[in-house]
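> Chains as they are written, first to last, in our numbering: chain X, 61 to 237; chain Y, 2 to 476; chain W, 332 to 550; chain P, 18 to 1145.
Some hints here could point you the wrong way.
Some residues of chain X that are not near chain W, with every Cβ distance over 10 Å (derived) [unchecked claim]: (1) H80; (2) E83; (3) D87; (4) K106; (5) I124; (6) T129; (7) W135; (8) S153; (9) H186; (10) R211; (11) D212; (12) R221; (13) Q226; (14) E230; (15) T231.
Ranges between beta-carbon positions, derived for each pair [what the hints assert, rightly or not]: (16) P/N717 / Y/F159: 17 to 25 Å; (17) W/L351 / P/M669: 45 to 53 Å; (18) W/L351 / P/A980: 38 to 46 Å; (19) W/I349 / Y/A166: 43 to 51 Å; (20) P/K1063 / W/Y398: 43 to 51 Å; (21) W/K538 / Y/P278: 51 to 59 Å; (22) W/L351 / Y/F159: 56 to 64 Å; (23) Y/L118 / X/L151: 38 to 46 Å; (24) Y/W153 / W/I349: 26 to 34 Å; (25) W/I349 / Y/T274: 47 to 55 Å.
No wet-lab data here; the hints were simulated from the structure.
No residue lacks a Cβ here, since even glycine has one placed at the ideal position from N, Cα and C.
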Amino acid sequence: MSAQTYGLIATFKTAPSLYHAAEAVRDAGYRHWDCITPFPVHGLDKAMGLRRSVVPRISLIGGITGFCTGMSLIWWTGAVDYKLIVGGKPLFSPMFAFPVAYELTILFTAFATIIGMFVLNGLPMHYHPVLKYDQIRRGMDDTFFIVIEARDPRFNAANTRALLEQAGGETITELDP
Amino acid sequence: MGHADHKAAAHPILQEVRPAALPRAVLVENDRSFSWITERICGIIEGKTPVWWWVCFILACFVASFTVAGITYLVATGVGVWGHANPVNWAWDIVNFVFWIGIGHAGTLISAILCLLRQKWRTSINRAAEAMTIFAVVCAAIFPVFHVGRVWFAWYLFPIPNSNAIWQNFRSPLEWDVFAVSTYGTVSVLFWYVGLIPDLAVLRDRFFAAGNKVRATLYGLFAMGWRGSNRHWSNYEMAYLILAGISTPLVLSVHTIVSFDFAVSLLPGWHTTIFPPYFVAGAIFSGFGMVLTLMLPLRAVYGLQDLITQYHIDCMCKITLATGTIVGYAYGMEFFIAWYGANPYEGFAFVNRAFGHYAWAYWIMISCNVITPQFFWFKAVRENTALVWILSIFVNVGMWFERFVIIVTSLARDFLPSSWGYYSPSIVEVFTFFGTFGVFSVLFLLFIRFLPVMPMAELKAVTPQADVHGGHAKH
Amino acid sequence: MSKLFSKSANQLPLQILIYLSVVAGIATAGVSYYMTPKYTRVGYAPVQPVPFSHAKHVQEVGLDCRYCHSHVDKSAHSNVPTSQTCMNCHSILKTNSPLLTPVRESYAQGTPVPWVWIHQTPDYAYFNHAAHVNKGISCVECHGKVNEMEIVTHMQPLSMAFCLECHRDPASRIRDPKDVYNLDSARLADQGEAGRKAAEAFAHDWKLLPPQSCSGCHR
Amino acid sequence: MKRKIDHPAPPVAEALTGPKYWRSLGELAGTPGFRAQLEREFPEGAAELEGVDRRGFMKLMAASFALGGAGLAGCRRPEKFILPYGKSVEGVIPGLPSYYATAMPLRQGAIPLLAETHQGRPTKLEGNPTYAPHGGAASLLAQASVLDLYDPDRARAHTRGGKALSATEVATLLGEIAAKYAATDGAGLALLADESSSPTRSRLVKELRAKLPRALWSEYEPVTDQPPVAAAQAVFGQAVRPLPDFAKARRILSIDADFLQAEAGSLASARGFAQGRRVDRKEDPMNRLYVVESGMSLTGSMADHRLRLASSQMTAFTASLVIAVYPESASVLEPLTQGVKLDPKWIQACVEDLQAHRGAAVVVAGSHLPAEVHAMVHGLNSILGAAGATVSYLPVESTPGATSLSALAAAIKGGVVKTLVILGGNPAYNAPADLDWAALQRSVGEVIRWSTHLDETSGVNAAATTHLAAAHYLESWGDARTVDGTVVPVQPMIQPLFGGLTQIEVLARLAGQTEADPYQLVASTVTGLAGAGADPARVMERFLHDGVLAASAYRPVTVRFNASRAQSLLTAVRPAAAPAKDNLEVRFVVDPKVDDGRFANNGWLQECPDPITKIAWDNAILISPRLARDLKIDPKGSLIQVARKETAEFRMGKESARVFELSLGGRTISGPVHIQPGLANYTVIVPLGYGRTAAGHVGNGAGFNAYPLRTTGAMHVGLGAKLRDSGKRLLLANTQEHWSMEGRDIIREANFEPAAKPDGNSYRENPGYVRKVGMESHTPSNLGAVGEKMTPQERATKIPRGNSLYETPQFDGHHQWGMSIDLNTCIGCNACVVACQAENNIPIVGKDQVMRGREMHWIRLDRYYSSGTIDAEAFGGEGNRELPEDPQVSLQPMTCVHCELAPCEVVCPVNATVHDEEGINTMAYNRCIGTRYCANNCPYKVRRFNFFDWNQRRLDSLYLGPAGDYGMPALLQMAKNPEVTVRMRGVMEKCTYCVQRVQNGKIRHKVKMAQAGRPGDVVVPDGTIKVACEQTCPVGAIVFGNILDKDSSVSRAKAREQDYAVLGYLNVRPRTTYSGKLRNPNPRMPDFQPLPFSRVEYSRKNEPAAHDDHGAHGHGAEPATPSHGGKS
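Could you build the full structure based on these sequences and the hints that come with them?
Structure (structure tokens):
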């Protein structure tokens, strides 16, 4: 059975109930599980035991790349490839190169951040078992879910369902893979 | 927005101390439920297209056609169809550019700076404000692109390797502008889009449920398969925070660089170091003016009084007042610096601004930008929506004239009196500018018709029932 | 809720991304290959009104470049010879060749022979032949080995980048002044260590300072 | 590989050969009717255009000129062709210009020229340096005359009653007339011609009159530019004419004489005047110029003392002067001065100064003044010892028996004229109104008219007139004399484009010669003049090569002033009533640009602003500020007058002039009124030469015609005129809106000599006075301590950092170019403006665009007035409301100054304007995208933007865009300099220091040196490269050269202590610097000013209190309140 199922999904009506249920699932030691919320619920990361996102590191790499790109582009074009005397200004100076390097820093940071976010989230993923759940529309609207995946080593259809029920989950359903 | 409180909540000491909650302003009135918010906002998109929308849309298209016609004529014939001439080589083109860019700034400001400053009241207006930013940047970009003499060579502005082996001049503020404005446009679109993803997912599912597969697919494609996973929210929130974080210096840098177009030159009246803060303040000022001008009618038409509350209007009026006063201070400071600098050329530029050929423009600017916002000191004014709306239009007019005064009066009478001149616009530029309001309106109308005008996820996050700790945030 | 997107839709974004990258890559490569002078100019070998063979006239007859392209060392232009120049010999040789009809007619009527223009710089670029051939730059640098060509072919891109290559490093391109019109000669810099030294000395003694800014070529 | 190409089919030879081919650009561009136009343009002259080098021709084309259509080979690129000559042309090297000596004939004084031709196309004219008095200078008119050659409005064929005549038919026709009138001894034949200095014409006229003694020969010029011979005849008993030598004169008094521009020989005069004016070191002497005039001429603008006086009162003034010099004459002259108020102190001090410089003083009087004034001036010059020293007297060679126009008119009225031959001139347009010339001409049975255009005169009864197309002088063989009598050749540069005839050819045929070859006609005159001994072939060769005939100048004659004969002339004269508000004096002046109207169809001249009024494309009725106030039409100004009030009303930047009706003696004209400071209060100045109706596309409708107001009795000055407002307005294209320097340090002036009480402000006391004026005088040096210590040569290459944030890259070129402009000698003649236009293919833009401020001139003349009454209050005030009645004028040629730290370059986003290795601020048109940022950031506002496709679009349909015609007429293409890119729309342009001349000069020198075995000798010797403005400058005010060479003339000019950089405080370090202007007022004169007005204004404006600590430097001195003006 567990081979045929993606996992279990439980419904929670309010944010606090979800929060406490998440704490319970976390404490039960599950790793492959998730909360589905219509908006980012404060504190839920901690309740789920999630670590701080690594997006900032990717952003930092992007930013540094952007800055270096800007500076080296301006240095190479102006002071190496084609040395033109423009208004008596030096061939290269970090001062006049700064605005462009600065803008490129931001641009590259933005790209890195978004790409990083997508990659970390595994998006775009238009097909997903959770999305097939017929109540998922409510999950985008006003209802909260907890999904525990079958591939979790601790997953056991009965125990897991019991855990969710205990935590206050309603309408606990198995998801097709 | 959640991350801020989340961090505060995470702090152990705060958790223990549990400080007494200050009474908070009501951001969503009448204690609305989550689904009320969803219904209300998605309803705008799902409902039948109202007649007024069609009327406005056709009117906007008509107005936009003026820009299209004006630009077509310009490109086919030459920049001479505008009123430019020596010594005024920049006029309405750059005035309009700076004007639109300035308007755009409020959008980024509301979404990014207020986000960083944990001003939760921004949530109801930030989506529309960001849209406004993007559309304003589109309108702004029209002018610098088409004001050049040979627009078909505008690609020379980008560092593309070519067989002429020549590169750009990165000392030019105009080249900085190219990077600043294109970065600004790109980042604004990305920021806006990232904010839209969860809402697009809502629309995807709702349209699917309603059986409209085509629109569900379209929204679905752009929703990228968003499923509300909290693991996603975690990265998403962080990315959104970073985007807000970089948008803030970006928005400041963009208008700083736009002001460099003038500050870096040596023209009296342009050559002044106070331009960057002065321009940024002016941009915020004009941007909030425009936000008010747009949001107040929208609020009335769609009955969003519970989402855009009197508190929001009050906040925006106060910001307008503050920035307007900064701008007024800058006007005064310019005169002081000119006098204190004891440079006769500089001194004359400012005296001439106030009392020369273009004094009328200067005094329009002063009355609209310095005097108008002072009405916002009065609570009665701030609470009178109609009056706020009218004053916001004055602010828009005043800020347009500010750019006109800076650009045209300085150029018209510079160093050598022999080359002094007078600029007056041709009908072509007047219509081209007029048309950009149509361009903006077309885009904005499309936006309110097809995209959620408010960020549902964010709105829900600021409702009392979103708090996982139950009562303590309840007032 | 049933499926809006099928499982295969998950591959779609990646596929689109790859597809776009490939298209963009091809477009970039195509533009930089097909739309630059290296392609649009190099290899141009139009049919001329008279099938004049440089190879024959230089290698068999032994004509110097300057016999026909007179004043190349004085003028900005390297003159294309008048029909009279052709007729100097062809009034005696091959007087009845049908191939030479345009030349004879031109000479008789004073009308020009419409030679197709091959090595053509843009109107805003002012190339001066005299300035180059008198400074050790051989014809071959820009025109290739015309002495071996049956049909004159455009050999170098003659783009601004091409000009700059040499203007930035003239010493590597110069020839001994006596070899300028000898298209089979080698550049000084290609003649071993002694040649390289000679090239350096040449550049120094002749105070070679080819312009690298606009005014050198654009007026 | 990519090598394989589909070869296009070989071009069909027939389709491509022939003259059609090189001109077929238009066809390829798809201009409809191009062929037809071609036939019209080159009906006969096509042959010599064959084989014009196509590559040179192609250089004309702007980057935009895309060749499509017929020649397109596949999609690679359009096919173009090289079209060599069929037969080699001797002496022509395609790609190298040839220079030939010629001369531009103009009334009595020709201008010797060198014409630059490119494969048979003359494109540029320069003065012939062999003719020493001009020293290689050419005038404004000479510079522009090359465009007349290519005027598309020229008569394109000989016609009779509208039908074309062939050259043979014309010869037959003229032969028939000759034969017909030979039978009557010429009775019934009358000839009317304009003046000419041509010895050949003079010879032919003599021949003609010998053959046809009863034929009438009359000469008419609407304006005179030489003193009347009658006066000299009266006082000397000899027909002589004075030729002043201004170079020798230390004191000059000009009585209403604009000898720097309007008078004959102005080029030589200006050059001589500048020689006496130029001050390189403080030891150098400087001449002093007194001017008494009614108008505001260029000469007046140079005056050290200027007295405004009505022209009709010049007699009284001259008489007073003579009395002061020679009191014995009082009895005779006193009556002449009756009723005229003159300041006796002014006259006394002036006379004392002139007398103190006996033998080095000269008095000149305007040609338009009556004979009695000239008689008195002759007397004055005799007394002052000027005769033989600063004035020589040349014999006058006039055509014997030439009658006046009035006499001819009488003859026509009398019905004796059966055939009238009108050679040149334009009497229907410019004859005195009382003659009613058009009616007279219509009454003559047969009229034969020879002229370049089908003008007003040709249009009178056109159906019955035979019109002979005249050749332009650049298409003609001829000869002429310069003002000193030197014979110069007129040599054709090109076969007549429209088969035109020369005047001498027509005359020779009328005189019965059947083989009238103009070359032979000239050759026989010249060899005749050269004397019997000389080898004729050698004489002609020399003559044509040098461009002058050696020792052919008139020999000065010695004259003796006969006082009693003068007395008899003067006793009859009575002073005229003083002009007043309701009795205005009208003074007709020759226009500096269109002359008497003959150059009206020249776009370069029309677009060139008047040197004083700065109005282009129009003339205007000039009135004084006083009269304007009386008429209540002086501009209102604004509530708070932050800058000085304009002299004209500007609406949206365009001068909106009131149209007034000016009536004189029952005749009325109407024209726009322009307030001109410096005029005599009640004198109205009316420039002639405008309002043409049949000049051509350019000249028609420009300005108003003033000739209908002129009568035989009042040709130059008329009294009793009235002005009446018509209520209408006319927009004028004024290129300079603001007239005041606003107390800025732009033109730095000082008095030459100290005042009676020395105050350290004069040049002699402080030659470096320019450094005590302006922002730099009290700010740290821009060069820094290190830079200050450098030599100018080091500064040019190392570019000292000064106090800058940045270290600047060094310039490593072999030369460093620089320019110096001497404001002290510049007379503002505008020759540089048009010379630059011709050299650099600068388009004209038309009146409408000039009004908008889009004129394209790379060099302009800024003209400022100063009156010392500027208001010092920060927010303006009363002093700014006053229009100066008697201003000082300061002129400044302004062009790109090639800043070393150029602000324009920094702001260009695409590197379209950068510096080259030799210090030139270059402009790469093909890189420019047209952001116009550079123009905004140029403090000198010298950059010009191509708002439209000026070259390819018709000026009257610029706003139609693609709906209008595209392409430049082939004829105008021929006028373009192949060495300079023709700019397309959307690009910026500006002075390039004639980079084409610089580059070609360098290449020519390097090639020469390499071929001479001195390849390392790459530095061009000083003087080899001359830029266009420098080369034509009559006063040598502009010097260009290599500043690395410390002995070059430019280095020496820049070493003058009064050398300064305009707006130097900006630290842009211009390569073009200016030498300060000096004024040389006489401290004993009542109107002496201890400081030039511009300096007074500078001090007033820059708060004397704040500058007290710099008082020692001289600019802080409290200025004297000007003696006139003041706050009213």
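> Next step is simple, just say for each hint if it's right about the structure.
Hint-by-hint comparison with the structure:
Every CB of chain W lies more than 10 Å from the CB of X/H80, the least distance being 27 Å, so the non-interface label holds. Every CB of chain W is more than 10 Å from the CB of X/E83 (nearest about 28 Å), matching its label as outside the interface. Every CB of chain W lies more than 10 Å from the CB of X/D87, the least distance being 31 Å, so the non-interface label holds. Remark: the non-interface label on X/K106 is consistent with the geometry, its nearest Cβ contact in chain W lying 30 Å away (cut-off 10 Å).
At roughly 24 Å from the closest C-beta of chain W, the C-beta of X/I124 stays outside 10 Å, upholding its exclusion from the interface. Here X/T129 stays apart from chain W, with its beta-carbon at least about 18 Å from theirs, past the 10 Å limit. Against chain W, the non-interface label of X/W135 holds: every CB pair exceeds 10 Å, the least being about 18 Å. Distance check on X/S153: its Cβ is at least 20 Å (rounded) from any Cβ of chain W, clearing the 10 Å threshold; non-interface status holds.
A Cβ of chain W approaches the Cβ of X/H186 within 10 Å, the least distance being about 4 Å, so the stated non-interface status is violated. For X/R211, the requirement that its beta carbon stay farther than 10 Å from each beta carbon of chain W is met, with the minimum near 17 Å. With a closest Cβ-Cβ approach of about 22 Å to chain W, X/D212 is found to remain outside the 10 Å limit, as its non-interface label requires. For X/R221, the requirement that its beta carbon stay farther than 10 Å from each beta carbon of chain W is met, with the minimum near 21 Å.
Here X/Q226 stays apart from chain W, with its beta-carbon at least about 27 Å from theirs, past the 10 Å limit. No Cβ of chain W comes within 10 Å of the Cβ of X/E230; the nearest lies about 18 Å off, and the non-interface call holds. For X/T231, the condition that its CB be more than 10 Å from all CB atoms of chain W holds, with the nearest at approximately 14 Å. Between P/N717 and Y/F159 the C-beta distance comes to about 49 Å, which lies outside the given range of 17 to 25 Å.
Separation of W/L351 from P/M669 is about 52 Å and conforms to the stated range, judged on CB atoms against 45 to 53 Å. W/L351 and P/A980 have their C-beta atoms about 41 Å apart, which keeps the hinted 38 to 46 Å range intact. At roughly 33 Å, the beta-carbon separation of W/I349 and Y/A166 lies outside the given 43 to 51 Å, and the hint is violated. For the pair P/K1063 and W/Y398, the beta carbons lie near 46 Å from each other, so the given range of 43 to 51 Å is met.
Distance hint check for W/K538 and Y/P278: the Cβ-Cβ separation is about 53 Å, which falls inside the suggested range of 51 to 59 Å. Distance hint check: the CB atoms of W/L351 and Y/F159 are about 20 Å apart, inconsistent with the given range 56 to 64 Å. For the hinted restraint 38 to 46 Å between Y/L118 and X/L151, the CB-CB distance of approximately 42 Å keeps it satisfied. For the hinted restraint 26 to 34 Å between Y/W153 and W/I349, the CB-CB distance of approximately 32 Å keeps it satisfied.
One distance hint, 47 to 55 Å for the beta-carbon pair W/I349 and Y/T274, holds here, with the actual separation near 50 Å.
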